[in-house]
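Chemist: Residue numbers (this note's numbering), protein chains in the order written: chain L, 135 to 580; chain B, 204 to 396; chain E, 210 to 518.
Don't take each hint at face value.
In silico lysine to aspartate or glutamate, DMTMM-like type, Cα no more than 20 Å apart, as pairs [said to hold, decoys possible]:
| no. | chain 1 | residue 1 | chain 2 | residue 2 |
| --- | --- | --- | --- | --- |
| 1 | E | K277 | B | D335 |
| 2 | E | K248 | B | D263 |
| 3 | E | K329 | L | D475 |
| 4 | B | K305 | E | D245 |
| 5 | B | K273 | B | D286 |
| 6 | B | K305 | E | E498 |
| 7 | E | K367 | E | D426 |
| 8 | E | K239 | E | E227 |
| 9 | E | K359 | E | D245 |
| 10 | E | K239 | B | D339 |
| 11 | E | K329 | L | D252 |
| 12 | L | K344 | E | D226 |
| 13 | E | K239 | B | D263 |
| 14 | L | K284 | L | D252 |
| 15 | B | K305 | E | D426 |
| 16 | E | K248 | B | D335 |
Over 10 Å on every C-beta distance to chain B, these chain E residues come out as not near it, computed from the model [as the list claims (entries may be wrong)]:
| no. | residue |
| --- | --- |
| 17 | L212 |
| 18 | L230 |
| 19 | T234 |
| 20 | S298 |
| 21 | A308 |
| 22 | R357 |
| 23 | R388 |
| 24 | I407 |
| 25 | E419 |
| 26 | A423 |
| 27 | L510 |
No lab work stands behind these hints, which were simulated from the structure alone.
Positions of the beta carbon are idealized from the N, C-alpha and C atoms, including for glycine.
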Amino acid sequence: MRILIAGGRVIDPASGVDEVFDLLIEDGRIVRIGKDVRGAEPPEASKGKRSKAAKNAESAINVDRVMDAAGLVVCPGLIDMHVHLRQPGREDKETIATGTLAAARGGFTAVCCMPNTDPVNDTRSVTEFILDTAKREGAVHVYPVGAISKGLRGEELAEIGELFESGCVAVSDDGRPVMNAELMRRAMEYAGMFDLPVISHCEDLHLSGKGVAHEGIVSTELGLCGIPSTSEAAMVARDILLAELTDARLHIAHVSAAESVRLIREAKARGVRVSCEASPHHFALTEEAVRGFDTNAKMNPPLRSESDRQAILAGLRDGTIDVIATDHAPHTAQEKEQEFDVAPFGVIGSETALALTLTTLVASGTLSLNQAIAKLTSEPARILKLPKGRIAEGADADLTIFDPDREWTVDTSGFASKSRNTPFHGWRLKGGTVATIVAGKVVWEA
Amino acid sequence: MVRGFFYALNLMAAELNEKAQILDQAGIQRAVTRIAHEIVERNKGTNDLVLIGLRSRGVDLARRIAQELKIIDGADIPVGTLDVTLYRDDLGRVGIQPEVRKTDIPFPINEKRVVLVDDVLYTGRTIRAALDSLIDLGRPRLIQLAVLVDRGHRELPIRADYVGKNVPTSRQEQVQVLLTEEDGVDGVLIVKG
Amino acid sequence: MGLARKDLLRMQELTADEIRLILDTAESMKQVAGRDIKKVPALRGKTLINLFYEASTRTRTSFEIAGKWLSADVINVSTSSSSVSKGESLKDTGLTLQAMHPDIVVLRHPASGAAEFLAKQLAASVINAGDGAHEHPSQALLDLFTIREKKGRLEGLKAAIVGDIAHSRVARSSIHGMRKVGMEVRVAGPRTMLPCFIDRLGVEVFTDLERAIADVDIIMMLRLQLERQQAGLFPSVREYSRLFGLTLPRLKGAKSDVLIMHPGPLNRGVEIAPEVADGPYSLILNQVENGVAVRMALLYLLAGGGQAA
Numbered sequence: 135m136r137i138l139i140a141g142g143r144v145i146d147p148a149s150g151v152d153e154v155f156d157l158l159i160e161d162g163r164i165v166r167i168g169k170d171v172r173g174a175e176p177p178e179a180s181k182g183k184r185s186k187a188a189k190n191a192e193s194a195i196n197v198d199r200v201m202d203a204a205g206l207v208v209c210p211g212l213i214d215m216h217v218h219l220r221q222p223g224r225e226d227k228e229t230i231a232t233g234t235l236a237a238a239r240g241g242f243t244a245v246c247c248m249p250n251t252d253p254v255n256d257t258r259s260v261t262e263f264i265l266d267t268a269k270r271e272g273a274v275h276v277y278p279v280g281a282i283s284k285g286l287r288g289e290e291l292a293e294i295g296e297l298f299e300s301g302c303v304a305v306s307d308d309g310r311p312v313m314n315a316e317l318m319r320r321a322m323e324y325a326g327m328f329d330l331p332v333i334s335h336c337e338d339l340h341l342s343g344k345g346v347a348h349e350g351i352v353s354t355e356l357g358l359c360g361i362p363s364t365s366e367a368a369m370v371a372r373d374i375l376l377a378e379l380t381d382a383r384l385h386i387a388h389v390s391a392a393e394s395v396r397l398i399r400e401a402k403a404r405g406v407r408v409s410c411e412a413s414p415h416h417f418a419l420t421e422e423a424v425r426g427f428d429t430n431a432k433m434n435p436p437l438r439s440e441s442d443r444q445a446i447l448a449g450l451r452d453g454t455i456d457v458i459a460t461d462h463a464p465h466t467a468q469e470k471e472q473e474f475d476v477a478p479f480g481v482i483g484s485e486t487a488l489a490l491t492l493t494t495l496v497a498s499g500t501l502s503l504n505q506a507i508a509k510l511t512s513e514p515a516r517i518l519k520l521p522k523g524r525i526a527e528g529a530d531a532d533l534t535i536f537d538p539d540r541e542w543t544v545d546t547s548g549f550a551s552k553s554r555n556t557p558f559h560g561w562r563l564k565g566g567t568v569a570t571i572v573a574g575k576v577v578w579e580a
Numbered sequence: 204m205v206r207g208f209f210y211a212l213n214l215m216a217a218e219l220n221e222k223a224q225i226l227d228q229a230g231i232q233r234a235v236t237r238i239a240h241e242i243v244e245r246n247k248g249t250n251d252l253v254l255i256g257l258r259s260r261g262v263d264l265a266r267r268i269a270q271e272l273k274i275i276d277g278a279d280i281p282v283g284t285l286d287v288t289l290y291r292d293d294l295g296r297v298g299i300q301p302e303v304r305k306t307d308i309p310f311p312i313n314e315k316r317v318v319l320v321d322d323v324l325y326t327g328r329t330i331r332a333a334l335d336s337l338i339d340l341g342r343p344r345l346i347q348l349a350v351l352v353d354r355g356h357r358e359l360p361i362r363a364d365y366v367g368k369n370v371p372t373s374r375q376e377q378v379q380v381l382l383t384e385e386d387g388v389d390g391v392l393i394v395k396g
Numbered sequence: 210m211g212l213a214r215k216d217l218l219r220m221q222e223l224t225a226d227e228i229r230l231i232l233d234t235a236e237s238m239k240q241v242a243g244r245d246i247k248k249v250p251a252l253r254g255k256t257l258i259n260l261f262y263e264a265s266t267r268t269r270t271s272f273e274i275a276g277k278w279l280s281a282d283v284i285n286v287s288t289s290s291s292s293v294s295k296g297e298s299l300k301d302t303g304l305t306l307q308a309m310h311p312d313i314v315v316l317r318h319p320a321s322g323a324a325e326f327l328a329k330q331l332a333a334s335v336i337n338a339g340d341g342a343h344e345h346p347s348q349a350l351l352d353l354f355t356i357r358e359k360k361g362r363l364e365g366l367k368a369a370i371v372g373d374i375a376h377s378r379v380a381r382s383s384i385h386g387m388r389k390v391g392m393e394v395r396v397a398g399p400r401t402m403l404p405c406f407i408d409r410l411g412v413e414v415f416t417d418l419e420r421a422i423a424d425v426d427i428i429m430m431l432r433l434q435l436e437r438q439q440a441g442l443f444p445s446v447r448e449y450s451r452l453f454g455l456t457l458p459r460l461k462g463a464k465s466d467v468l469i470m471h472p473g474p475l476n477r478g479v480e481i482a483p484e485v486a487d488g489p490y491s492l493i494l495n496q497v498e499n500g501v502a503v504r505m506a507l508l509y510l511l512a513g514g515g516q517a518a
């Protein structure tokens, strides 16, 4: 299958390219990048023993599909380092099939799925189940994140070696923090043997208590139990120090608080190998979204104050925050349509992340288009040490084509995800996916 | 017939419409005096008599009648105020609930001869509500009705025992009663539209 | 005039005029209690459902009497006796009720925001009788009524609310209500029970009881829930009572005609000494009496449905 993507603005943060180029894709790889590729000479290093003339003829004429990308951006396939696919166990909320299709619709060509499934992904069999199902039914690449502790109980190390061998790209107990510092220390040392990053959901459960929203003016007015920022920051501090002690590669999930950003910035300045991510809902919304008790604004960590949001924007701008990841967390309508205290934490995000990034960060000048794309491509690839997130001759043909100017209104009824729990329904956004190409095949297009 | 806000609106609208005065100050005074005499005659005196006025102007009229009764018979007839809002038959159907005001009847009504006093008798629904309200407050010996103006168009079988003036009207017209105590001037007007 | 709203969910959204209307209407309603025949037909044919997810004798009985005196048909649904305890969601309970066409539903529920949630589901008017730690508007209104009845006015009076402010819906509703009618409000309690940014609601914050009640016209004591000790918010009932209990000697610092209030039920000897609760300046029983009148006013004003004719 040969596809020519013609005339798009190719942005590849890894190489610094930002120019109008044609891309030729064949057999799942990018084989040619250049100007006016259709009528051009074949590349010097060509495969096969056919005659030069035949190759000329082929490359000049024989393309299965031409995609007109004039006015559009072509970038490396976006990578979402943090999603919950819910399979195995809660297929009523999402499956690997629907979750990856939702990701594709959002322009993602790869996702990392968290281990808080049922059963928990703490053994080879669950990892292999996920990979097999993804291979058969998934629309995009799925990279499983294995558990740190058995059953996510935070008591004993999971068989991280086996998880690594089965294909996990990182370990995390996400959904839950590792409360026991000694266990976290040992996990960092152990995972270090396999050069696996440890992704930490930073939260002190005692400080969080029964909290359901950010401890601030809104929770005070609404009489909701609050989760103080310190619940996150205290664990961020602890994990940074443990990472220093163990020389581990630490990645802090879903940063939400100003204090966390500050601690990470200082740690990076000291040379600690820490990276972190922020979710679109944390850079686009604040605790004010909780007024009216909208459960689609309830997630953990919660939406915090405007000054926290500003700190996240500053962190994105100065590089303290490396990655944008959605923490896509589907829940059924019936679970979300309950009293605020009782509804589960979590919002979906795959299908709005790119548009929110473009509308909230790029349009406002917080990030350049190049920087924004980096946080969704080359940066996650770097942290996970995946051979992805770049456009180069010979690289995998995982590509995202999007229209940076298209305005659209978010309408959940058209979503590919099984769930609808988003606070962005009805929002007017700028920037939409046009086509998503995984391993050289168009897996979704508008 | 809701007074208050809508009444004020109508007054303003009425300023622009035709008005005909059917009673002036002297006419009202004569009517009050005559009603007082008729009350004494019908009840053969003023024993056990009490006056209860409806809404604001019914109360003012009741007080004037009481003054006349004092002159005629030397008796101090007690006057009470009755608010019938909670007994209206159109509650819960009009959207915004009408304002409930105070009922002030600082004397027992059991076995008394109650004369209800109102300014205008029209459909009779207000009086029906007043009757139900009085009966919940006690057991009068009898209830009579005195009105300054009877404008016809009854929708219930209610009649007044004492009438100041019968004024045939059409449904499009409005009857405005002005009393010095409330409005600074005495008069009864018919307003078209 | 009139309450142009479908529901009564919180003091925070009422205007000062609406508060005055409710209090004035309650004055007229109070007369019904003094009559021989304690019934007026104003809500005849209307159905009122008391849906109480938390046990409450006082509030529920108060609403029940209020509804009955207005001739409404009153049905009480309490958690233990219904499918609610079988795990039926609030949403489904709401839809089930809706199918029975009640006119007014009074809801008390342990989750903040529950009344608002139900109000969105139902065409009926919803009255919030207490949702989690959020609001309890009818309590705040009857407290304002009681103060106005005793003092003849509200504006310019100083009140101190003392106790577990963080978990108190009565405190929140009272703060909003009192501020709207022009009262000065102070809150006092252990630091652990004062929510963050509470000063932004326009109140002065104290952790010392005597300083808090110095020179106030009204002291409102809140009930101490003993479970809060388990949560580590105060070390012992003994210490709480020593520091924040309202006793006669403590009252010396307040105005000589200070009024004492408590939403009930009382923990005698804990937050309030019996001599104070039963003393001459206590309005606690007046509050209960006025509860019926104020709730009658609310039922009456909402029964119109709220849409302008």
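Chemist: Compare the structure with each hint and give your call.
Modeler: Results for each hint:
no.	hint	in the structure
1	K277(E) to D335(B)	holds (17 Å)
2	K248(E) to D263(B)	violated (28 Å)
3	K329(E) to D475(L)	holds (17 Å)
4	K305(B) to D245(E)	holds (17 Å)
5	K273(B) to D286(B)	violated (25 Å)
6	K305(B) to E498(E)	holds (18 Å)
7	K367(E) to D426(E)	holds (5 Å)
8	K239(E) to E227(E)	holds (18 Å)
9	K359(E) to D245(E)	violated (25 Å)
10	K239(E) to D339(B)	holds (15 Å)
11	K329(E) to D252(L)	violated (34 Å)
12	K344(L) to D226(E)	violated (38 Å)
13	K239(E) to D263(B)	violated (25 Å)
14	K284(L) to D252(L)	holds (12 Å)
15	K305(B) to D426(E)	violated (28 Å)
16	K248(E) to D335(B)	holds (11 Å)
17	L212	violated (7 Å)
18	L230	violated (8 Å)
19	T234	violated (5 Å)
20	S298	holds (31 Å)
21	A308	holds (21 Å)
22	R357	holds (15 Å)
23	R388	holds (25 Å)
24	I407	holds (35 Å)
25	E419	holds (42 Å)
26	A423	holds (38 Å)
27	L510	violated (5 Å)
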